[in-house]
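2 protein chains.
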Amino acid sequence: MQEIPIGTSYIYKGTILNLRSDIVKTEKGGTANREVVEHVDSVGIIAIDKHQNLLLVNQFRYPTGENLWEIPAGCVEPGENPESTARRELREETGFDPEYLERLGGFFLAPGYADEYMHVYLARELKHSPLVAEDTESIELTTKTTAEIKDMIRTSQIKDCKTIAALFLFLDRAVS
Amino acid sequence: MQEIPIGTSYIYKGTILNLRSDIVKTEKGGTANREVVEHVDSVGIIAIDKHQNLLLVNQFRYPTGENLWEIPAGCVEPGENPESTARRELREETGFDPEYLERLGGFFLAPGYADEYMHVYLARELKHSPLVAEDTESIELTTKTTAEIKDMIRTSQIKDCKTIAALFLFLDRAVS
Chain A
1 MQEIPIGTSY IYKGTILNLR SDIVKTEKGG TANREVVEHV DSVGIIAIDK HQNLLLVNQF
61 RYPTGENLWE IPAGCVEPGE NPESTARREL REETGFDPEY LERLGGFFLA PGYADEYMHV
121 YLARELKHSP LVAEDTESIE LTTKTTAEIK DMIRTSQIKD CKTIAALFLF LDRAVS
Chain B
1 MQEIPIGTSY IYKGTILNLR SDIVKTEKGG TANREVVEHV DSVGIIAIDK HQNLLLVNQF
61 RYPTGENLWE IPAGCVEPGE NPESTARREL REETGFDPEY LERLGGFFLA PGYADEYMHV
121 YLARELKHSP LVAEDTESIE LTTKTTAEIK DMIRTSQIKD CKTIAALFLF LDRAVS
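Protein chains in written order, with the numbering used here: chain A, 1 to 176; chain B, 1 to 176.
One thing to keep in mind: the hints can contain errors.
Since the list can't tell identical chains apart, any single copy or any two copies may satisfy a pair.
Listed below are the simulated DSSO-like cross-link pairs for lysine-lysine, each with C-alpha atoms no more than 30 Å apart in a straight line [what the hints assert, rightly or not]:
| id | residue 1 | residue 2 |
| --- | --- | --- |
| 1 | K50 | K150 |
| 2 | K127 | K144 |
| 3 | K28 | K144 |
| 4 | K28 | K127 |
| 5 | K127 | K150 |
| 6 | K25 | K13 |
| 7 | K50 | K144 |
In case anyone wonders, no lab produced these hints; they're calculated from the structure.
Note that this is a predicted model, so its numbers are computed, not measured.
The shape of chain A in the complex, shown without the other chains (with noise of 0.2 Å):
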């Protein structure tokens, strides 16, 4: 059960994206156009102070127009592994750097169009050891509770997809 591509063109080769148009050979035997938004993996991280806190970032998404509370996350760079970056986006977003961390799961955040998959780690027992990126100035940080946590995707405060998916991958594995 799979489409088989027979034609492919680039419509756009961006900084963050890339935007491909292949022509495919249905699973029923017809052709298809598919577009797709080429992007990097990413990782996502659950990280968890000394206090049993949540980090949460706060920043603006320019797709949304809005400020968006999310868990810290980035693109793995080339030749990096994705645990190098749930290390590095967490130095670089919130200041600390965990020395113990634990793959999660992962997942496909948008997979009718876009390629990219996120790997989501556990992060805890942080050291503060600040890493400077251009792109992280602008980022607010804040540290709840599971519980408050809870309160703000009930209230719609929270609302990035991967943000309520790893914590259900944390309090899925917190509970089993």
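Guided by the hints, dock chain B onto chain A, whose structure is given.
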């Protein structure tokens, strides 16, 4: 705390998405380029049958190169409200029309580069009432208990972000 667009141009206007490149004035007063995937808003549906099982669909997702298990979902069409989309998509993808429909929440799928917002609904009291749609030919349907779905997430048989996040919204509502 906003970025103000000072220039915009369309790179592509396509079937399921458009791509735009904007120049923005950043919060710090500089300028930056922002690539934005324009995609219509969408709905995802937690549908519960009379045995309290959840409905899952499986389809080949070309951008990921894989068949994925997901909740039923689809795009809000022009002039449609999200509740009508939820009813239509559920009939098209599963053959069932819900007598009970409740909004559970919503989220942005990839706020770093896409504007798509997904509304999540809970559907119950399902009556057989199929609607045929061209794009639903290759969809496989199954039913699973909540425990089975949690196990599919743990073992990466489910690796779709919206499905995991929507399950969180449903389970959080169920216990609160």
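Status of each hint after checking the structure:
1. Taking the shortest Cα distances, K50 and K150 sit within 30 Å of each other both inside one copy (20 Å) and across copies (28 Å).
2. Taking the closest pair of Cα atoms, K127 and K144 come within 30 Å of each other only inside a single copy of the chain (18 Å); across copies the shortest separation is 42 Å, beyond that limit.
3. In this assembly of identical chains, the alpha carbons of K28 and K144 lie at most 30 Å apart only when taken from different copies (27 Å versus 50 Å within one copy).
4. When the C-alpha separation of K28 and K127 is checked against a cutoff of 30 Å, the pair qualifies only between copies, where the shortest distance is 29 Å, while the shortest distance within a copy is 55 Å.
5. For the homomeric pair K127 and K150, the shortest alpha-carbon distance inside one copy (26 Å) is at most 30 Å, but the shortest distance between copies (33 Å) is not.
6. With identical chains, the CA atoms of K25 and K13 are at most 30 Å apart both within one copy (25 Å) and between copies (23 Å).
7. For a Cα distance limit of 30 Å, the shortest separation of K50 from K144 inside one copy, 12 Å, qualifies, whereas the shortest one across copies, 38 Å, does not.
Going down the numbered hints, you'll see the structure goes against none, and every one checks out.
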